[in-house]
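S.K.: Just so you know, the sequences run in chain order R and C. The first sequence runs 1 to 315 under the numbering used here. The second sequence runs 1 to 301 under the numbering used here.
If you're looking for bench data, these hints aren't it; they were derived computationally from the structure. No false leads were slipped in.
One-sided excerpt, in silico: chain R residues whose CB lies under 7 Å from chain C: (1) Q30; (2) R47; (3) G53; (4) Y280; (5) V295.
Straight-line distance between alpha carbons at most 20 Å, and here's what the computed DMTMM-like set of lysine to aspartate or glutamate pairs gives: (6) C:K17 to R:D212; (7) R:K272 to C:D220; (8) R:K17 to C:D111.
From a predicted model like this one, the values you see are computed outputs, not experimental measurements. Where a beta carbon is used, it is the ideal one built from N, C-alpha and C, also for glycine.
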Amino acid sequence: MSKPSANTLAPRSGSSKMHNTLVYVRQHWQLYLLFMLPAFVLTIVFRYIPMGGVLIAFENYNPFVGVFGSEWVGFSHFQRFLSSPDFLSYLANTLKLSVFGLLWGFPAPILLAFLLNRILNKKTKQKIQLVLYMPNFISVIVLCGIVRILLSPTGMVNMLLGTNYNFMTMPQAFRTIYIASGIWQGAGWGSIIYTAALSNASKDLIEAAVIDGANIFQQIKTVEWPAIKDTVMIQFIMAVGNIMSIGFEKAYALQTDLNMASSEIISTYVYKKGLIDGDYGFSTAVGLFNTVINVILLISMNSIVKKMNEGKGIY
Amino acid sequence: MQPKKKSEFAKQTTGDKILLVICYCILGAFVIAIVFPIIYIILSSFIDPVTLQNKGVTFDFSQWTLTAYERVMSNAQIWVGFKNALIYSIVATILGGVITLLAAYPMSRPDFRGKGFFNVIFLITMFFGGGLIPTYLLINNLGWLDSPLAIVVPCAFNVWNMIIARTYYQGIPRDLQEAADIDGATEMDYFFKILLPVCTPIIATISMWNFVGMWNSYFDAMIYLNDPAKQPLQLVLRAILIQSQPEPGMVSDMQSTAERAQLAELLKYATIIISSLPLMIMYPFFQKYFDSGIMAGAVKG
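Sequences are here, hints too, so could you generate the full structure?
M.R.: See below:
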């Protein structure tokens, strides 16, 4: 990374690394000032300054005196959250929603990619893909609107079943609704990455396998699966790393007063506590707790994968 | 095409043929599961609410009506939402695209000094952040509450998109760069005149993501924009679809509460169709870029 550039005019001998760098920067100032600066400033202002703002989690924040003038309360917000009766239920809701979501939602696009790969006619395949991608372009609000309409007591699902359940008010139905609609919307789009990896699987290898008399299962096992294994691994780590950052937007849009018992997750709770109740310190503490768990999960997941995958993780 | 397909299929062994048929059935089921609800919503949007509630979808065209569309289209707030969403999405696409594509360029150069430093600075933000309240307070201190700046500026630089663009640049032969250096071209010249023109797939992909992302999101707008005149489409939709509170003008001429509620239900169908139409028409044109764009991101996680 610090190897001298071919363009560096500085004398090779007797000049420190520091000096080389200065010469480089002077020569390539455009890279820093025109290319990097906007992104750097945005990152510092909108990502790092709020990170400093997590100090609020340890304070009774008072907007009139600011972050540095507010009363310091240490870990009392965390204690209040961890000892509240709701804590376990929100944590469980968050974890269940994302773990079950992962268990059902993660294999779906892989399965789709294998199925798509079996279509022999290229034009047909493209048409099917176009349909499968479509739900990805529907907004969260419209998706949840559709879900609410279809599942209303007089909606399509009840008509088909000949019943009149009000699914949106049933806590036991929330997770199924959330996960199934997620697969409906995302599985097709998610399959792109695997389809692309599969198309890199050498056609020669497949043909050779076919000549050797391999049936479809054997082709998948010996040629196709190895072709996408790495992609699957990376996607899996990324998905696990995001387990606690499960989307606010959809959970909030599917919440009703009556399904709270399973639909209140940490991110919706943070929003309500912070911006609706105005309990800034407490809300920030809950959010910070969430982030820390997320980071721990990601790091441990990465090291597990590294062990399983001959030292190859993603970081 | 037809005979070729037949022969491909005919080449398979009997066991494989059975398996293939099963595969096609599962895929077909998935396609139907996607299309069926959408067709149901489209049909329902044309049907009189009372009929819909009593008989469901009917093909007796005398029962069909355009009332819902007339009411939704004649509502000013929907159009305000459309206009705002369009402006915000275009601004976010251009601003986000420019900043991200620019930053990715030095990061793609092997000789760029400080790459490690910037890498760490950027990567940390992918996994750790201040969270909702500190960000909200920052926006508040900037005086951006109720300003569209609050929803387009903070997300203008996206690390993930930067990584994807960087990976794509790295696939462009370095000879181009060296030739440009010899000709005395500045970094800017090289970037705009030589590099970007050969990167259209990645530019199209990132632009599409930025546009669709901004068009479809509601959270930032919900917390930062209270002024109805500034709200984007998704917030207007949220009132109609999720909160079942359509704009008063849409239903106020109905006499009874029951009628109003029924009409509010019918409006949902038409609203879904009208609001989703633009992206539904647009996305097929981008299909050819999907694969290359996504693959560029997949190479290095």
